[in-house]
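Asker: Sequence:
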Amino acid sequence: MTDLPYLKFAGPVLDEATIAGVADVLRSGHITSGPWVQKFEAALSEFCGGRPVRVLTSATAAVEVALQLCGIGPGDEVITSAQSFFTVPNMIAKVGAKPVFVDCDLVTRNIDLGAVERAITPRTRAIIPTHWPGTLVDMDALHALAKARGLRVIEDAALVLGSCWKGRPVGAFGDLVTFSFHPNKNITSIEGGALVVNGDDEARAVEPLRFHGIRYLPDRTRDVAFPGGKFNLPDVNARIGVAQLARLPEFLARRRALVDRYFARFATDPPCVLPPRPAAPAGADGQSWNMWSVLLPLDRITLSRKAFRDALEARGIGTGVSYEALHLSTLGRSYGYKEGDFPVTERIARETVTLPLHAAMTEADVDRVCAAVADLIAGARRPG
Numbered sequence: 021m022t023d024l025p026y027l028k029f030a031g032p033v034l035d036e037a038t039i040a041g042v043a044d045v046l047r048s049g050h051i052t053s054g055p056w057v058q059k060f061e062a063a064l065s066e067f068c069g070g071r072p073v074r075v076l077t078s079a080t081a082a083v084e085v086a087l088q089l090c091g092i093g094p095g096d097e098v099i100t101s102a103q104s105f106f107t108v109p110n111m112i113a114k115v116g117a118k119p120v121f122v123d124c125d126l127v128t129r130n131i132d133l134g135a136v137e138r139a140i141t142p143r144t145r146a147i148i149p150t151h152w153p154g155t156l157v158d159m160d161a162l163h164a165l166a167k168a169r170g171l172r173v174i175e176d177a178a179l180v181l182g183s184c185w186k187g188r189p190v191g192a193f194g195d196l197v198t199f200s201f202h203p204n205k206n207i208t209s210i211e212g213g214a215l216v217v218n219g220d221d222e223a224r225a226v227e228p229l230r231f232h233g234i235r236y237l238p239d240r241t242r243d244v245a246f247p248g249g250k251f252n253l254p255d256v257n258a259r260i261g262v263a264q265l266a267r268l269p270e271f272l273a274r275r276r277a278l279v280d281r282y283f284a285r286f287a288t289d290p291p292c293v294l295p296p297r298p299a300a301p302a303g304a305d306g307q308s309w310n311m312w313s314v315l316l317p318l319d320r321i322t323l324s325r326k327a328f329r330d331a332l333e334a335r336g337i338g339t340g341v342s343y344e345a346l347h348l349s350t351l352g353r354s355y356g357y358k359e360g361d362f363p364v365t366e367r368i369a370r371e372t373v374t375l376p377l378h379a380a381m382t383e384a385d386v387d388r389v390c391a392a393v394a395d396l397i398a399g400a401r402r403p404g
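Counting from 21, one number per residue, gives the positions in the sequence shown under our numbering.
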């Protein structure tokens with residue numbers, strides 16, 4: 021037990037002005053999608069180099085709508101990484117397509133593009149890579165491969181809002197891009213997500229997909245030709261999102277400073293596998309650092325991962341697991357995947373622990389985490 025305040029592994033920073041702004045929206049009586057959604061979409065579009073952006077109730081909804089926008093359905097295959105969150109395979113399966121998993125890199129955790137190319141079949145319609153904090157998928161190679169093979173790309177950029185590739189923000193180029201505004205992301209709208217599209221035609225096509233499939237006829241009656249969902253973001257959420265996006269540079273600077281501290285102070289014996297270390301101070305290469313995940317040396321200590329997490333919890337330090345091996349979920353196994361198919365993903369899934377990193381933290385918080393982790397691992401080191 022500890023007398024120190026509990027340290028969450030993730031969480032938002034909401035200021036009083038934003039809270040007051042939400043109250044103003046509630047008093048206005050216009051609390052579903054309205055003027056603040058339009059403002060949020062306009063601000064996101066400006067952030068993404070002028071590309072059209074549509075906000076939805078979650079990044080999960082954005083992935084589903086992106087797949088529908090591409091016309092992907094039964095009989096189609098979509099290649100994705102086995103190391104990611106459940107959103108992507110869930111939505112691929114939901115539209116009736118087959119998720120085709122490939123392995124990833126141990127340190128960057130990004131999808132293995134060589135494995136992607138080998139996995140392409142005549143039924144492949146799209147590639148969905150997940151970008152990881154600290155480094156992005158090789159965008160040049162990804163889009164060159166997709167173009168050569170006639171495939172769509174749907175970037176899962178839930179973790180990397182604010183990251184750049186060769187000086188250009190994620191979302192400002194490429195094909196379709198999805199963002200998340202869940203409370204543990206770089207900015208929040210409580211719940212929410214966004215889909216970046218390629219032009220006005222695609223933006224118009226998103227409208228019925230996120231609202232019941234409804235299209236308006238010339239006489240202003242309505243028709244439905246496709247069973248769309250209901251994914252429209254309320255103005256209450258959008259009001260928060262607008263305020264949060266304005267503070268994104270501040271949030272990213274804080275996260276990058278904390279990551280620099282982690283790299284300076286994190287040391288264990290035996291060592292953990294750390295995220296990719298920037299060549300310069302964190303953020304100088306344009307990375308946004310949403311999370312700090314390490315791989316525990318479980319084969320060299322007597323603690324299990326659960327015991328390690330429980331011990332940190334007892335010290336008032338929260339942790340997460342980012343992420344499980346998707347191909348070994350019950351859904352993944354239903355497609356014939358099994359243990360041993362993707363060794364790197366499976367190792368990450370066994371050993372990963374996400375440690376605290378969010379914009380409300382201080383350098384002293386990082387020091388506290390580093391000291392606690394070092395102490396636990398040293399005390400559990402196997403002899404020899």
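Hint data in this document are derived by calculation from the structure and do not stem from the laboratory. This structure is a prediction, so every number in the text was calculated from the model and none was measured. The reader is advised that the hints may include incorrect statements.
Label pairs and their calculated CB-CB ranges [said to hold, decoys possible]: (1) Asp44 with Ala380: 45 to 55 Å; (2) Gly91 with Arg320: 14 to 24 Å; (3) Tyr355 with Lys167: 35 to 45 Å; (4) Glu333 with Asp221: 45 to 55 Å; (5) His50 with His232: 14 to 24 Å; (6) Glu359 with Lys326: 16 to 26 Å; (7) Lys358 with Gly116: 17 to 27 Å; (8) Pro291 with Gly70: 20 to 30 Å.
Even glycine gets a Cβ: it sits at the ideal position worked out from N, Cα and C.
Asker: Give a verdict on every hint.
Answerer: Cross-check of the supplied hints:
Between Asp44 and Ala380 the beta carbons are some 24 Å apart, a value that contradicts the proposed interval 45 to 55 Å. In this structure the supplied range 14 to 24 Å is violated for Gly91 paired with Arg320, their Cβ-Cβ distance being about 50 Å. Roughly 27 Å separates the CB atoms of Tyr355 and Lys167, a value that falls outside the hinted 35 to 45 Å. About 50 Å separates the C-beta atoms of Glu333 and Asp221, a value consistent with the hinted range of 45 to 55 Å.
The given range of 14 to 24 Å is respected by His50 and His232, whose C-beta atoms sit roughly 20 Å from each other. Evaluation of the 16 to 26 Å hint for Glu359 and Lys326 yields a pass: the beta carbon distance comes to about 19 Å. Range check, Lys358 to Gly116: about 23 Å between beta-carbon atoms, so the 17 to 27 Å window is met. Our hint of 20 to 30 Å for Pro291 and Gly70 is violated, since their Cβ atoms are close to 45 Å apart.
In this structure, the earlier hints numbered 1, 2, 3, 8 are contradicted, and the remaining ones agree with it.
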